[in-house]
Amino acid sequence: MKYQSQKVAKPYFIAAIGLFVGQILFGLIMGLQYVVGDFLFPEIPFNVARMVHTNLLIVWLLFGFMGSTYYMVPEESKTELYSPKLAMLLFWVFLVAGALTIVGYLAVPYARLAELTGNDLLPTMGREFLEQPTITKIGIVIVALGFLFNVGMTLLRGRKTVITMVLFLGLVGLAVFFLFSFYNPHNPVLDKMFWWWVVHLWVEGVWELILGAILAFTLIKVTGVDREVIEKWLYVIIAMALITGLLGTGHHYFFIGTPEYWLWVGSVFSAMEPIPFFMMTLFAFNMVNKRRRQHPNRAAVLWALGTGVMAFLGAGVWGFLHTLAPVNYYTHGSQITAAHGHMAFYGAYVMIVLTMISYAMPMLNGREAANSNKSQVTEMWGFWLMTVSMVFITLFLTGAGILQVYLQRFSDAPLPFMIVQDKIELFYWLREFAGVIFLLGLIVYIVSFFVKGEEARLKPAEQTLVE
Amino acid sequence: MLLVGLSADTVQRLPERDNRENLTPQVALGKKVWEDNNCLGCHTLLGEGAYFAPELGNVYVRYGNSKEAIKGFITSRPVDGIPGRRSMPQFNMSEEELDAIAEFLKYMSEIDTNDWPPNVQG
Ligand code: HEM
Ligand code: HEM
Ligand SMILES: [Fe+2]
Chain A
10 MKYQSQKVAK PYFIAAIGLF VGQILFGLIM GLQYVVGDFL FPEIPFNVAR MVHTNLLIVW
70 LLFGFMGSTY YMVPEESKTE LYSPKLAMLL FWVFLVAGAL TIVGYLAVPY ARLAELTGND
130 LLPTMGREFL EQPTITKIGI VIVALGFLFN VGMTLLRGRK TVITMVLFLG LVGLAVFFLF
190 SFYNPHNPVL DKMFWWWVVH LWVEGVWELI LGAILAFTLI KVTGVDREVI EKWLYVIIAM
250 ALITGLLGTG HHYFFIGTPE YWLWVGSVFS AMEPIPFFMM TLFAFNMVNK RRRQHPNRAA
310 VLWALGTGVM AFLGAGVWGF LHTLAPVNYY THGSQITAAH GHMAFYGAYV MIVLTMISYA
370 MPMLNGREAA NSNKSQVTEM WGFWLMTVSM VFITLFLTGA GILQVYLQRF SDAPLPFMIV
430 QDKIELFYWL REFAGVIFLL GLIVYIVSFF VKGEEARLKP AEQTLVE
Chain B
3 MLLVGLSADT VQRLPERDNR ENLTPQVALG KKVWEDNNCL GCHTLLGEGA YFAPELGNVY
63 VRYGNSKEAI KGFITSRPVD GIPGRRSMPQ FNMSEEELDA IAEFLKYMSE IDTNDWPPNV
123 QG
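Chains A and B supply the protein sequences, listed in that same order.
Residue 365 in the working numbering sits at position 356 of the first sequence, with consecutive numbering throughout.
Residue 11 in the working numbering sits at position 9 of the second sequence, with consecutive numbering throughout.
Hints were generated in silico from the structure; no laboratory data involved.
Among the hints, erroneous ones may be present.
[What the hints assert, rightly or not] Going by beta-carbon spacing under 7 Å, a handful of chain B positions derived as facing chain A:
id	residue
1	L4
2	A30
3	E37
4	G49
5	W118
Ideal Cβ placement from N, Cα and C applies to all residues, glycine included.
Please take these sequences and the hints and turn them into a complete structure.
As structure tokens, then:
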């Protein structure tokens, strides 16, 4: 660690991992409710568990992005963070606001929460992923503004690099598009249309810039490849991401009351969206193959490569699978969507945050570059258990989805929704089983932080690779 | 920024498709009731939402174009659920809210969705 103020990243990372555990526990609750319908009913109805699951996901990823930014920006800018105090203050504000919101979800019925928090004044609640009370949303905006100010001031003071510029653009975009969550017209079609400006333009737009920047940063560090080379890749990747991703929004405008031309626009542009993800795969593998030095933190290298592969599989392959209008006509809003949502979020955003944590945590804990070999091996077990079980979760949900689409929408005698759900129960049991393995993997991952031992170092001969 | 352009065009053309001539204050209230109870946390609406419970964009049609049937279903949910089965909560809605939500769901079924869903099962 070169700058003292990078230390503020640590609480952000710890909070992220803590909330991740909560997210998975609620995932398992829901997975069980899929097969044992009345599990925890009426104490925790499915919709409550779902809000907790998805909102925790988003909040911990945001913690992860902020922590990564605080770690990267001083080092890239070659200057201390503008205000570490502000960073810590915002950390607590965000954590407390998040915790109160989750408690609110669990403690009172949602309609009562809406009433208590004044949803009548400015109704923004009750829409998927944007369930937070309006005051929480305002809190998020305030935290985001403070964060952007802090980071922006640091950037102005220091060296400007392509990586920090791309990162900052992504973060500003994240905040700007969130503002659309305050737009909730009475007209349901307009509401849906601009709801996607938050959700789609996040994960298939500005978040990709953040992903690209973090990946580029860690690759520079662990491979020692020239910055110029890495920057060129990053430019091309983000250009492709924006060219395809912005109009790719159209793949959500097929069947919600928007005009027919979106069937074409959405299909064509979103069909190209896998390109930037595929380039990230190539990017990661190419840089590691061309590495100029061996880095003692092998776990971080594994995470970086894993992100490249899994982001392409989840977003690129599983996204493409249902993105063409004639296919989406049958798969829209089915378990296929859930399969894709899981692998894409995990492969792209969960894994990039864990890549950064893997790379940065040893230094934040006062080591030179890496954890002990034993700790790294444990971490890699966590990596494989989580990643492989996520692959299985995705496959089981895809199996469920194919049957669901056939029985309910495609066959000559379409069956009602609930009948079909009974018929595909087996796949939901398998998904739940894979989910338990995922939790085990997460526990192993967390244990790795507590495995002590002598820091892994390289023999002098390994330190530089001769071409 | 093509996205902005096309979106503007879409907003211009929406009146032909989005059923807005029927967007009464009652429908608006129905949408509010829908949101305040987080119905989307279990159901899909025009294919968006959760996949735990049936699509409701076309439930009005599935229930034989009957608002009464929709209201009847909502009011008859047992407080403690149905043993072993996925259960919908009892929301204890007022008559005004029930009428509004039924009107809202009727409204949703009249939007031009390029013929989605493929059949009445949703
Ligand atoms: C990392 C990037 C991505 C993430 C995190 C992601 C995540 C998601 C999620 C969570 C949904 C469900 C939204 C809802 O609840 O309604 C969704 C829907 C969808 N995604 Fe992605 N996605 C990503 C990239 C992609 C890409 C690259 C494509 C296309 C190639 C794609 C195609 C789709 C389509 C077509 C839908 C709509 C499914 C439906 O009609 O039900 N996604 N995505
Ligand atoms: C133990 C593992 C997990 C289980 C059992 C699980 C279960 C579930 C269930 C049952 C749903 C609701 C589906 C519905 O609406 O009917 C859901 C939604 C979701 N989960 Fe998970 N989950 C798990 C892990 C994860 C992980 C690791 C991530 C992120 C990487 C994640 C991201 C999501 C997202 C984005 C949605 C919304 C999907 C959509 O709208 O299409 N889940 N999960
Ligand atoms: Fe999308």
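Hints versus structure:
no.	hint	in the structure
1	L4	holds, 6 Å
2	A30	holds, 4 Å
3	E37	holds, 3 Å
4	G49	holds, 3 Å
5	W118	holds, 4 Å
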